[in-house]
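Protein chains in written order, with the numbering used here: chain X, 442 to 718; chain D, -11 to 229.
FYI, nobody ran anything at the bench for these hints, they're computed from the structure.
We put the beta carbon where it would ideally sit given N, CA and C, even for glycine.
Some hints could be false.
Said to hold, decoys possible - No farther apart than 30 Å at their CA atoms in a straight line, the calculated lysine-lysine pairs in the DSSO-like style are these:
#, chain 1, residue 1, chain 2, residue 2
1, D, Lys83, D, Lys67
2, D, Lys83, D, Lys156
3, X, Lys610, D, Lys156
4, D, Lys67, D, Lys156
5, D, Lys67, X, Lys610
6, X, Lys610, D, Lys83
What the hints assert, rightly or not - Some but not every residue of chain X turned toward chain D, in silico, with C-beta under 10 Å:
#, residue
7, Leu611
8, Ser621
9, Pro632
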Amino acid sequence: MSQSLTARAVPLPGRIGLGWRLIPVRHLRRFATAAVLILAWQAGSMLGFIPTRTVAAPSAILTSMITLLGSGELQQNLLVSLGRVGIGLGIGVAIGTGAALIAGLSRIGEEALDAPLQMIRTMPHLALVPLFILWFGIGETPKIALVALGAIFPIYLNLYSGIRGVDPKLVEAARTLGLSRAGLIRHVILPGALPAALVGLRYAVGVAWLSLVVGEQINADSGIGYMMMNAREFLRTDIIMVGLVVYALLGLGTDQLVRSIERAALVWRPSVIGGRA
Amino acid sequence: MSGVRIAGLTRRFGENTVLDRLNLDIAPGEFVALLGRSGSGKSTLLRTLAGLDPVELGEVDVPSRRAVVFQDPRLMPWKRVWRNVALGLDEPDPKARALAALSEVELAHRVDAWPLTLSGGEAQRAGLARALVRSPELLLLDEPFAALDALTRLRMQELVSHLWATHKPAVLLVTHDVDEAVLLADRALVLEHGRIAVETRIDLPCPRRSGTAEFAAIRTMLLEALGVHEPAAAHDLRDAA
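So that you can see chain X by itself, here it is in the shape it has in the complex:
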């Protein structure tokens, strides 16, 4: 309630009139900085201060994006990349969730799993690329395995600590209600650990894209990373930039996706309730 009050208390200052009424000046300023930078970049390119070999002009990037979209090349590579992240993330989330459930819900599971996982976690998983190439060759497998491996740990760590962090007072209350162990896990522990698990999922998605970028540089013959590596051979900085833009948009998009999952799954949290009111 206090939120809507403050919102009403400051109705118009901070916004400008006519068609822009709904866009706060603060947002416009942010866009303005970006717009000025892009314009300066474009001017610099056109005047020859920024050589195309270093970086292509914004207009050239836009043009090649349109060309790549027109030929279907971009969509095709995008689908390949999305598929790798999707499969890898799926495998990683499944393994991470399974391990966290075993370690979080049983003493023996904790003793068996937690220490080794914590040890492996300290290793940067991208350093395994050479080993993965030896094990899995240079096909799809090492790329997907890298994404999966990267996604396991954020999921595991967050879900595990979420399970262990469930308010013991609630567990006690549930026990006085006569819940069985299965009921306790289903109605108290898992819902209580869900917020932490979703934080883990957001990290996992970020790591998945990072792993993909590295993985797609292993002798790939398709995917956004391949498209960029290929462009490098021909000094096509415009196509490389298109790849970077696409990666950025994909990261942003999937993060938004997880956020909307969070909003839907955690409706009971006051911040979410407040945000709706």
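Chain X is already provided as a structure; the job is to place chain D on it using the hints.
Relative to chain X, chain D alone:
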């Protein structure tokens, strides 16, 4: 209907004896208030009766249908109010039962609310409904009103008194509030060093009012058992007010 029988209950935490050969019977439908200073073992006794703490030494007989209301409401924040009330119910229509219990505690308008949007009093009433819906033979109240504001507390005491009169479970109310004990209970106990130091019947007619002389006498007696000696002048001032 069976009541509570406790014989020789002893509970130690390391060197510290919290309950020392404690004997206590609570008759079916009896309302017992348990007073005591912090660390006197009140909560341990309640937790033992709730089945949350093990019986290591001594004998404890309790009814199988028990329910607890804690000081903090302890509702699952991810379940709507009625689902919290129905949680763990093994019935064909748990929702109908939950709704009935919620209207008994005057919370029918909040059945679909999320617990974190409830006020302190509402949350505590939901906790009461969650206990009530199990038709307990023994209702354990662990300082259920301590965190509420004074006005809400008075309304809640009235509500508990009414619910008890309707359903007649045996009640063990752990409280710091002597007035609350005298207002609600058939019998008040003062726990000290793990044993019952003082025990008194409260045979005042219901509904009780805190202004009467009998009320004040029992109140003073219990306060003295708790080590609080009221100066006479202050006492008179209270009565005048």
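> Taken at face value, is the distance from the CA of lysine 83 of chain D to the CA of lysine 610 of chain X at most 30 Å?
Replying inline: Between lysine 610 of chain X and lysine 83 of chain D the Cα gap is close to 25 Å, so the pair holds against 30 Å.
>> Against the 30 Å threshold, does the CA-CA distance of lysine 83 of chain D and lysine 156 of chain D hold or violate the hint?
In response: Holds, at about 23 Å.
> Does the interface hint hold: is serine 621 of chain X within less than 10 Å of chain D, judged Cβ to Cβ?
Replying inline: Nearest chain D Cβ about 9 Å off; hint holds.
> Do the alpha carbons of lysine 67 of chain D and lysine 156 of chain D lie within 30 Å of each other, as the hint requires?
Replying inline: Within the cut-off at roughly 29 Å; holds.
>> Hint check: lysine 67 of chain D vs lysine 610 of chain X, CA-CA at most 30 Å. Holds or violated?
In response: holds (16 Å)
> Taken at face value, is the distance from the CA of lysine 156 of chain D to the CA of lysine 610 of chain X at most 30 Å?
Replying inline: holds (28 Å)
> Straight-line Cα separation of lysine 83 of chain D and lysine 67 of chain D no greater than 30 Å?
Replying inline: Distance of about 13 Å is within 30 Å: holds.
> Can leucine 611 of chain X be said to touch chain D, with a Cβ gap under 10 Å?
Replying inline: holds (6 Å)
>> proline 632 of chain X was flagged as interface toward chain D. Is the shortest Cβ-Cβ separation under 10 Å?
In response: holds (4 Å)
Violated hints are absent here; each numbered hint is respected by the structure.
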